[in-house]
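**Student:** Given next are the chains, with one letter for each unit.
2 protein chains.
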Amino acid sequence: MAKVHNYSAGPCILDESVLKEAQAAVGNFDNLDLSLLEISHRSKNFVAVMDEATALVKEILNVPEGYSVIFLQGGASLGFLITVMNLMRENGKAAYTDTGAWANKAIKEAKLFGDVDVLGTSKDANYNFIPKDYTVPSDIDYFHCTSNNTIYGTQMKSFPECSVPLVCDMSSDIFSKSVDISQFDMIYAGAQKNLGPAGATLYIVKDAVFGRNGRSIPAYLDLHTHASKESMFNTPPVFSIYVSMLTLRWLKANGGIPWIEARNNEKAALLYNEIDRNTLFEGTANLEDRSDMNACFVLKDEAHKDAFDKLWNAAKINGIKGHRSVGGYRASMYNALPVESVQLLVDCMKELEKTA
Amino acid sequence: MAKVHNYSAGPCILDESVLKEAQAAVGNFDNLDLSLLEISHRSKNFVAVMDEATALVKEILNVPEGYSVIFLQGGASLGFLITVMNLMRENGKAAYTDTGAWANKAIKEAKLFGDVDVLGTSKDANYNFIPKDYTVPSDIDYFHCTSNNTIYGTQMKSFPECSVPLVCDMSSDIFSKSVDISQFDMIYAGAQKNLGPAGATLYIVKDAVFGRNGRSIPAYLDLHTHASKESMFNTPPVFSIYVSMLTLRWLKANGGIPWIEARNNEKAALLYNEIDRNTLFEGTANLEDRSDMNACFVLKDEAHKDAFDKLWNAAKINGIKGHRSVGGYRASMYNALPVESVQLLVDCMKELEKTA
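Which chain is which? The protein sequence lines are A and B, in order.
Residue 19 in the numbering used here is what sits at position 23 of the first sequence, and the numbering runs on without skipping anything.
Residue 239 in the numbering used here is what sits at position 243 of the second sequence, and the numbering runs on without skipping anything.
Hint data in this document are derived by calculation from the structure and do not stem from the laboratory.
Mixed in with the good hints, there may be bad ones.
One copy or two, either will do: identical chains are not told apart, so a pair holds if it fits within one copy or between any two.
Think about it this way: if two alpha-carbon atoms lie no more than 25 Å apart in a straight line, the pair counts; the simulated SDA-like pairs of lysine to any residue are [stated by the list, open to error]:
1. Lys301 / Arg38
2. Lys40 / Leu266
3. Lys107 / Arg208
4. Lys301 / Leu28
With the hints as constraints, model all of the structure from the sequences given.
**Tutor:** The following block contains the structure:
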């Protein structure tokens, strides 16, 4: 049966080899005659999974000494609060950029606890660019940004110079390209784009953060608690971490970040070139801020909508309907999406131009 | 190959039919030619899963009108904080019973935010009984208890009269027996005992709780946020919720709470009768407080340890080593453990007595 070409914005496509191994483990894990779902997280078999997942994050992202890698739950939504709890002093101050829906939620959470400077916003342009004309103040507890904005298809290509701790929500582009981890005091990312299934959240945090703001931090929100227990303070999301580990193994075996970055560049170039070349389409995001993960585009003339939708549906392309706040189409090209799937979408766009 | 008899304290045994369906869905879910792991949580297929899981909780537990059922993440450890945030006023006051390790963590979290009365504790007796000689005050924000203590093998058989909101951590015995939900303002439970795999946490909360304490609650901790979005405020732990839904279907198809309560009673009677009858063993928990979920017992003479361990290992019994704070053995008999597995353990105990 022809494979579905899965452009889902997240939870999203995972590599077939990963899915096959995950499926096998739900039946019988590590030849224990037990399912992965019914073993203790304290068993040596699962502790080995957690250790390998943690080590692979460090190796693949080249995480420097003095950082902890932690797997938690709650997604970026809980990450917004964990950021504040671990980095903001009581009645402290932080700066954020406002680059979309997720950045907004992060800002809202911080405002519950202290002063928030919004340094730049592209709200008035429906978030179609990444603000860059700001200077990060030096008298704040931290500066927070969102590296990739799934809904609007924009992505930060570099991070600003700053003398204060830099925090980044990398939920939708971590592991997609090389990043200098040493620039950051804290990175967090929901697993469900480039890492694994929904249910796990990755934190990479500089150990110097621990205890720095002098707060009493509730146990589950305290990154130091989790780092000191190697992500086993309480029962971790066993299955999500296992599948994340499998995805990291797959990424490493294929060549790690250099391999995936080249592949992602190829996919993005293929699609954006067609969006720009094809007379029927146009992109919605500023050229220089276009996301390599989520390409947002619209038909110049809505009259072609039915014909185009028929074409990509017939090609078994799934999940390219744009978010309601942008409209049109959004092609999410996360790590596991093959180049062939992008070529197929491009072919549909060409076919439409030919027949329209 | 002979099945392993899985007494794991959690994550724990799930029914084989559930595991088979879960495995199939990791391959191809709902005939979408997509894995359950790679579909959007906003897809109609997953929304149907969430709706069914929520409806099954209401039906199986006979949840009255005016309550919301919510699936979150973070386990009971985050539940301790969510309790305080949703039920304690600023600088408020609550009462807790101290019945073990988990109750202790709940108390510790509440103390960060207000006054905590510890109404009863069995700490000096290594938590081998459930304190009952207390009166719940009427001038507090809520009273919190832990219904079942996995480590010490004790369980509350009834809940105290109280005029203030009653909150219960039911992580390790929810769905195991009938409970009058209308007694409680809030119940929470990690999925990984009787509900499903690790990674989901169930909340049952009286709607009257929403907004009652006048606090500004961080978004992810606010039960009203989640209730109003039907557990889709952010990306839910898709796989854990799906497998929970399958488990609830299995429970309902077999006869629901009346069926499982009878089966759990049978299993507990079988094992406790042998613990009491067998001259080589003794139970560690007070008779009247013994848990139907976790039976803790020790050898009267440690000299028999090697012989007993050989017997149950040969029978493919897994996971009955006691927690380090109690020692000896702990047989966790969660819902999915068959009566036959308990009979096998009893047979090993009898065999030891015969040959010792």
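**Student:** Can you list which hints this structure breaks, lowest number first?
**Tutor:** 2
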